Amino acid sequence: MPESDLAKRTVLVVDDYDDNRLMLKKILQKRGFMVIEAVNGEEAIATAQRDHPDLILMDINLPLLDGFIATRYIRQQQELVNIPIVAITAYGSKKSREVAMAAGCNEYLEKPIDFAQIDLLLERFLPKDQTPAPAKSTNGTPEH
Numbered sequence: 001m002p003e004s005d006l007a008k009r010t011v012l013v014v015d016d017y018d019d020n021r022l023m024l025k026k027i028l029q030k031r032g033f034m035v036i037e038a039v040n041g042e043e044a045i046a047t048a049q050r051d052h053p054d055l056i057l058m059d060i061n062l063p064l065l066d067g068f069i070a071t072r073y074i075r076q077q078q079e080l081v082n083i084p085i086v087a088i089t090a091y092g093s094k095k096s097r098e099v100a101m102a103a104g105c106n107e108y109l110e111k112p113i114d115f116a117q118i119d120l121l122l123e124r125f126l127p128k129d130q131t132p133a134p135a136k137s138t139n140g141t142p143e144h
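Its first residue numbered 1, the sequence shown is counted upward by one per residue in the numbering used here.
Because the hints were derived from the structure by calculation, they are not lab data. Predicted model only: the values in this text are computed from it and were never measured. Incorrect hints may have been included.
[What the hints assert, rightly or not] Capping the alpha-carbon separation at 16 Å, the derived lysine to aspartate or glutamate pairs in EDC-like fashion look like this:
#1 K94 with E107
#2 K8 with D66
#3 K25 with E79
#4 K8 with E123
#5 K25 with E98
#6 K8 with D51
#7 K111 with D16
#8 K30 with D119
#9 K95 with E110
#10 K25 with E42
#11 K111 with D19
#12 K128 with D54
#13 K94 with E110
#14 K26 with E107
#15 K111 with D18
#16 K26 with E37
#17 K30 with E123
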């Protein structure tokens, strides 16, 4: 894999509807992000633990474990606690937003998704000027 691909930031898209995942995947890939996917809450947790994405877009209404429960579980994992999680849902109620934020989401986005909002979220949580630091070798110099 070319080094430039290794430096790409990864977004985990969690949604049980294929069309929603595909739409978000295309938008994110067009903006230069690597996209991984999950279709339910259990898969979201396992994928986050395995791949440590830079951002998680979490649907709330999911099979097996809903997005609230999956978010709470992810927030309990020390190595995942700082990953921004954005709740994405068709439920636009104030109560739903409060529950999402209490579960550990950093932001709440209502469906249908406004592409301008996606761009604002990406800039907020994954600014373009923020690039991953090069890996360090044991002697403290960057590896190539």
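Right, here's what the structure says about each hint:
The suggested pairing of K94 with E107 holds, with an alpha-carbon distance near 13 Å, which does not exceed 16 Å. With a CA separation close to 28 Å, the supplied pair K8 and D66 exceeds the 16 Å bound. At most 16 Å may separate the alpha-carbon atoms for a hinted pair to count; K25 and E79 exceed this at roughly 25 Å. Taken as a hint, the K8 and E123 pair is honoured in the structure, with Cα atoms around 15 Å apart against an allowance of 16 Å.
Proposed proximity of K25 and E98 is contradicted: the alpha carbons are some 27 Å apart, above 16 Å. The hinted pair formed by K8 and D51 meets the criterion: a straight-line CA distance of about 13 Å does not exceed 16 Å. Proximity of K111 to D16 is assessed by CA-CA distance (about 14 Å); at most 16 Å being required, the pair is judged to hold. For the hint pairing K30 with D119, the CA-to-CA distance comes to about 11 Å; that is within 16 Å, so the pair holds.
Of the pairs offered as hints, the one joining K95 and E110 holds, with about 13 Å between alpha carbons and a cut-off of 16 Å not exceeded. Distance check on the hinted pair: K25 and E42 sit about 20 Å apart at the alpha-carbon level, beyond 16 Å; violated. For the hint linking K111 to D19, the alpha-carbon distance of about 13 Å falls within 16 Å, and the restraint holds. Between the alpha carbons of K128 and D54 the distance comes to roughly 13 Å, so the proposed pair stays at or under 16 Å and holds.
Pair hint K94 plus E110 holds up; C-alpha atoms about 11 Å apart against a cutoff of 16 Å. Only pairs whose Cα atoms come within 16 Å are accepted, and K26 paired with E107 is rejected, the gap being roughly 21 Å. For the proposed pair K111 and D18, the alpha carbon gap of about 15 Å is at most 16 Å, so the pair holds. A C-alpha spacing of about 12 Å is found between K26 and E37, which places the hinted pair at or below 16 Å, so the restraint holds.
Distance check on the hinted pair: K30 and E123 sit about 15 Å apart at the alpha-carbon level, within 16 Å; holds.
When held up to the earlier numbered hints, the structure conflicts with 2, 3, 5, 10, 14 and fits the remainder.
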